[in-house]
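Read off the chains here:
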Amino acid sequence: MKMTGRVLLVLLVLAVAALLLYPTIRWYCFVPDSAKAIAAGSNEDIREYSRGQAARAVNALTAMLRTDRDQAVPEEYRYLEDEVENKPDEWTVYLLLSSFSTEGELFSAVEKHYREELLDIKKLSGNVLQLGLDLRGGMSVVLEADTASYAESHDGHVPSGSELTELLSGDIEILTSRIDEFGVSEPDIRLQGSDQIVIEVPGETDPERVDSFLMGRGALTFCLVDRGLTERVNAEYLANPSRAFDEHGALISPSYIPSGFTLAGYYTEDEYGIEELVQFVVLDDDIVLDGSHLVSATMERDGMTGRPAVNFRLDSEGASIFHRFTSAHIGDQLAVVMDGRVKSVAVINDAISSDVQLTGSFTEEEAQSLAVVLRTSSLPIDLTVVSQQGVGASLGSDSVNVALKAILVGFLLVILCMIVYYGPAGIIADVALMMNFLMMIAVLSAMHFTLTLSSIAGLVLTLGMAIDANVIIYERIKEEMEEGLSVYEAVKLGFGRAFWTIMDSNVTTIIAAIVLSVLGSSTVKGFANTLAIGVACSLFTSLFVSHLLFDFFISEEKGNVWFSWRRKK
Amino acid sequence: MKKPFDILRYRYVALGASGLFILAGIILFFVLGFNTGIDFGAGYSERVSIAPAGLSVSYSGEGTAVLSVDSRVLSLTIRTPEGVEEHVLDPSLYPTTDDIARELEALGCDTVLISSEKSGNLISGFGYPATLSASPFIVNFATDTVDVTIEDVREALSGIGSVNVQTVGFESEAIYQIRIPVEEESGRAAAESLVNSALADAFGAENIVVMQSDFVGPKFSSSLFRDSLLALAIALVLILGYVALRFRLAYSISSILALAHDVFAMLSFVLIFRLEVSSTTIAAVLTIIGYSINNTIVIFDRVRENIVKAQGGIVNVDGIISLSVRQSVTRTIMTSLTTLVAIVPLAIFSTGDIKLFAINLTWGIIAGAYSSNFLAPAFLHYFHRLFPVDKIKEKKEEEEYSLV
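Residue numbers (my numbering), protein chains in the order written: chain F, 625 to 1193; chain L, -14 to 389.
Think of the hints as simulated: they come from the structure by calculation, not from any bench. Here the structure is a predicted model, which means the values were calculated and not measured. Keep in mind that a hint or two might mislead.
As the list claims (entries may be wrong) - Restraint ranges, calculated between C-beta atoms of paired labels, are given here:
{"id": "1", "chain 1": "F", "residue 1": "Asn858", "chain 2": "L", "residue 2": "Asp186", "range": "57 to 65 Å"}
{"id": "2", "chain 1": "F", "residue 1": "Met1071", "chain 2": "L", "residue 2": "Ser60", "range": "37 to 45 Å"}
{"id": "3", "chain 1": "F", "residue 1": "Pro878", "chain 2": "L", "residue 2": "Thr128", "range": "51 to 59 Å"}
{"id": "4", "chain 1": "L", "residue 1": "Gly146", "chain 2": "F", "residue 2": "Ala659", "range": "47 to 55 Å"}
{"id": "5", "chain 1": "F", "residue 1": "Ala659", "chain 2": "L", "residue 2": "Glu47", "range": "34 to 42 Å"}
{"id": "6", "chain 1": "F", "residue 1": "Leu862", "chain 2": "L", "residue 2": "Glu47", "range": "52 to 60 Å"}
Heads up, the beta-carbon is just placed ideally off N, CA and C, and yes, glycines get one too.
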């Protein structure tokens, strides 16, 4: 390969590494802490914050309109100018506000601005090199499917491998939504092996709170809808959503709603995963039925019309309550309420007992998500805690400081060793080592690995081992020089002869690391991943990059690189 | 002329020394057994500090207030729809709990001062970051003296039965690791409340700070052990296969024997020094396998090359083995040295699992370098006799190769 080609390849690798590291750099250097703090909340927190900001902005702008309609738009609302189609040369508050046809439109424009910004940051936080629980505190729980109790309640049927996986994915879905409702940021919930679920919750160390979302049931209720009040509230609020919320994003209940009735929002999930308010519903406070009577829920197509429908089955007690109620309220509307929020509203067409079919004007996805809502009130298969670990946040940050210090000392010592022993050639090896370090961090962050104490140990060890390839090459070059070859020839031959030695020795190390990574427990995994990535990167940096560096200094005709501080005559 | 150093002459010494060391390990295994951590024996463990409650904080103002701690510094974050405000209560600005309490009052919290301590002695455990509410949240501070000794903790827990208490870190910090075994069918919550209620009876519930807790159920610990053995076996078989493919069977068997030595030497080390066995020990053993095979292969590669290079029909294998070890000695020393200087700071500065891991690795690196240089050549010497060298079959098609 030509010299320019080799330089380009190295530059390309560096560019890719920089690109992979970009989210991490952006997160740690360019995102303000205040935005991070807000984005760290749950989607619900973000929505409330955005709504609060939108209500504030609408009030502030309309107040400005009243005092001086021709004043310039303040800096903090400048983003609204991009939302409008006709753009005048000179913006005034009046011109800006008149480009929105309703107050509602303005409200949603402001809300959208905050929502998109914060969700973007939240998404970014998932793409950066994060610290593991042992470094920032939190709780990790390993749960195992309780197949014995499942068999008991299913006539002795023990779930097979694929069935079990399906049941556990159901559990994961439920746990994810429950944990999100607790406002916990970035929980990591995943399947491990065939019958275990691992949950990692950063920051949360109260075992009882964790237990409550593991074992608790979601609050699912069926309530009667008051049609008259519902229409009145919607007529007023849908035109002006800013009036429906106070500055904290909470719903304001109008004074004409009598006691015994509650105002609730009817939400569906939008494309951001945030629940969007569709309309308002006034509910009768008397709960018809709660979720404990629900046995199963599935999405199906209605046999007659082919429209999506949600079928759910009730236990015998629930069925008799439901039958009594529905026969008395034919023609009324019934709402499915989850944690105070309306998930579905349906008209009661018949007296219903155990098998309930909800039909409505919902799409297949909506029916599917409603079935999930109904199902999430109980886990498809019970879970038992097999291991649980909690680390206090400060204990984590203390160990970070210690580990970082140890890494730094180790790194400097390795660099020093090479320079002391190999002189100028040692500097070349050190440059290769630093590039190796950069590549490792880039790959780790691209693969969304979290940095745990064990992976830091892997990092340190790998740095020590990565230098080995350079040592092998240098020893070889020195030998060839002792045979009387010129530096150029010796370097050429040294790299060539060392190639297979380095390959063989590193491939065996990578084999061991991969086995560890696949079969090891999570602590071991973090370590093995860094080791495998580091050793693989070191193949490139030592065989390619340091060879290139040598060729900068040595050509066939001239140049020299010393392999020691002692000069031989 | 001085005779060159012949490593093979010392093979009996090396084999004998290694054999004795491993034998000591085996005897200890049967006499005392492993000092197993909770990873391998079902149990509950927690790290606690008994520190007096300094003040209690509650908040009933607007928005949410979160009290968090970073490197022994408290900070209060108040989140309202207007945005987020963060106040750091640096001990240099607020040296005592009285100062902290006054500042928190000024920021809108309600505080009750319980005892006056240095604010730099903050002890934090579970519960941080804490979302403050109307019910008081207790902040603990250590005193400058050790008020609760390890004997006091043992005394408090004496009613529980088999319980193990150890000091973590410096004695002056008074942080204790408590460990109890868990019977089949009994859960984490039961074990946790058993320990914590015993501590609360002796020292008062508000003075107990739990910093870390671990629970390993009986099912988990048995599967972990099984998986580790499986990982070890698979790694060995794959390495054996690769080396047999790239070299010859004699090299492959010799390197695996040297590896087996490393595994046993590591385990003997752990047994002799009574180090705790946990999943990190398994990781250390597997790492050393990767590290030591690397060393052995470098030497064997040299042997193979020298055999091909040797002139004449009859090859003096023993001479070549010894020559190859000599040729690689600088490299062996340099690599072991660079790896050691990287890992030793971790063994010295860090604590807990990682310290243990680093100590294991340090020993493993030494044992690995030793076995690659003294044992693997000796094994190769014997196996070359079993599988005599056939120069034509000695694979080395690629004399050299370059990426550029």
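Status of each hint after checking the structure:
Taken as a hint, the range 57 to 65 Å holds for the pair asparagine 858 of chain F and aspartate 186 of chain L, whose Cβ atoms sit roughly 59 Å apart. As the Cβ distance of methionine 1071 of chain F to serine 60 of chain L is approximately 32 Å, the hint placing it in 37 to 45 Å is violated. At roughly 57 Å, the beta carbons of proline 878 of chain F and threonine 128 of chain L sit within the given window of 51 to 59 Å. Separation of glycine 146 of chain L from alanine 659 of chain F is about 52 Å and conforms to the stated range, judged on CB atoms against 47 to 55 Å.
Taking the beta carbon of each, alanine 659 of chain F and glutamate 47 of chain L are about 21 Å apart, not inside 34 to 42 Å as hinted. Restraint check, leucine 862 of chain F to glutamate 47 of chain L: a C-beta distance of roughly 29 Å breaks the suggested window 52 to 60 Å.
Of the numbered hints given earlier, the model fails hints 2, 5, 6; all others are met.
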